[in-house]
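Enquirer: Residue numbers (the working numbering), protein chains in the order written: chain H, 1 to 82; chain D, 1 to 249.
Everything labelled a hint here was simulated from the structure, so no lab data went into it.
Note that the Cβ used here is the ideal one computed from N, Cα and C, for glycine as well.
Only some residues are given here: those of chain H computed to face chain D with a beta carbon under 7 Å:
id : residue
1  : ALA58
2  : SER62
3  : TYR66
4  : LEU68
5  : PHE76
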Amino acid sequence: MNPLIASASVVGAGLSVGLAAIGSGVGQGTAAGYAVEGIARQPEAEGKIRGALLLSFAFMESLTIYGLVVALVLLFANPFVS
Amino acid sequence: MIQSFFFNLTELSVGQHWYWTIVGYQVHGQVLVTTWIVFTIIRTLSLAGNRNLKEIPDGLQNLTEFITEFIRDIAKTQIGEHNSSNWVSFLGAIFLFIFVSNWSGALFPWHVLEIPNGELAAPTNDINTTVALAFLTSIAYFYGGLSKKRLSYFKRYISPAAFLLPINVLEDFTKPLSLSFRLFGNVLADELVVAVLVTLVPLIVPIPLILLGLFTSAIQALVFSTLAGAYIGEAIEEHHLFPNIFGCY
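Working from the sequences, and respecting the hints, build out all of it.
Expert: Structure below.
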């Protein structure tokens with residue numbers, strides 16, 4: 001295997017998960033913050049808020065997972081390795 | 001000896017497959033095996049639960065009725081009150097298959113069974129399965145929209161304005177792409193995290209992550225079927241000029 005391709009792939013895999021995690025981290029934090037605020041204002045709506053929060057967490061998390069998929073492709077199924 | 005046994009249980013083999021050749025096509029054998037096991041589990045449960053139906057449900061019948069009601073609820077909220085009954089079976093098939101296969105990947109000790117190459121794992125761990133499910137969803141909403149609205153279905157590509165045509169066309173491609181990648185990535189990520197942790201600390205420590213994995217994979221089954229329902233609902237919704245004044249459909 002070409003060492004340049006190998007090292008670039010490893011660095012790229014790390015970066016793809018790391019950078020992808022930033023956005024969803026910020027997003028999940030914001031969502032969780034507003035959810036807590038909502039529960040504090042209206043404790044009886046906790047069940048509904050939790051359901052919506054978990055569902056939207058799944059969507060946010062999937063953005064990081066896309067980065068993870070790219071990282072996995074680079075590590076395990078790299079198309080540039082002949 | 002014991003240690004090596006446990007390490008074998010957590011062997012990482014991403015990208016390793018047990019190739020079968022069927023009529024000239026190479027297929028991933030381990031996925032077919034696990035898929036059929038998942039089918040068998042679902043079929044056995046539903047047959048055992050509905051074999052002798054009672055007025056007052058108990059045991060397995062309770063479970064199957066609860067699941068059916070849950071799926072009908074998803075269909076009702078996503079597709080709408082009067083169209084949903086046609087799509088309950090589709091959404092239910094998708095939900096049950098994904099749910100049972102995700103949980104079987106986490107709960108069933110697949111690694112005890114040795115196969116020549118690769119490993120047995122959840123069927124949704126393979127991108128071909130998730131892509132197939134996502135394409136089924138695409139076909140379903142195209143079919144739903146076309147059969148409901150005929151050619152006026154294509155009006156939605158130029159709504160709300162004609163210059164949005166490229167984005168609307170692009171959406172038909174990004175929908176299956178995001179559906180399949182989301183499911184595949186989540187399932188594979190769960191299994192990888194557990195496997196990596198078990199290689200580091202083989203006892204106790206991975207258990208919370210396994211539980212988290214069970215939780216996320218259940219949520220992913222819900223997300224997939226919710227989104228499929230949302231896409232179908234979006235494709236077949238009608239913009240009523242005159243709402244039905246009789247209140248019945």
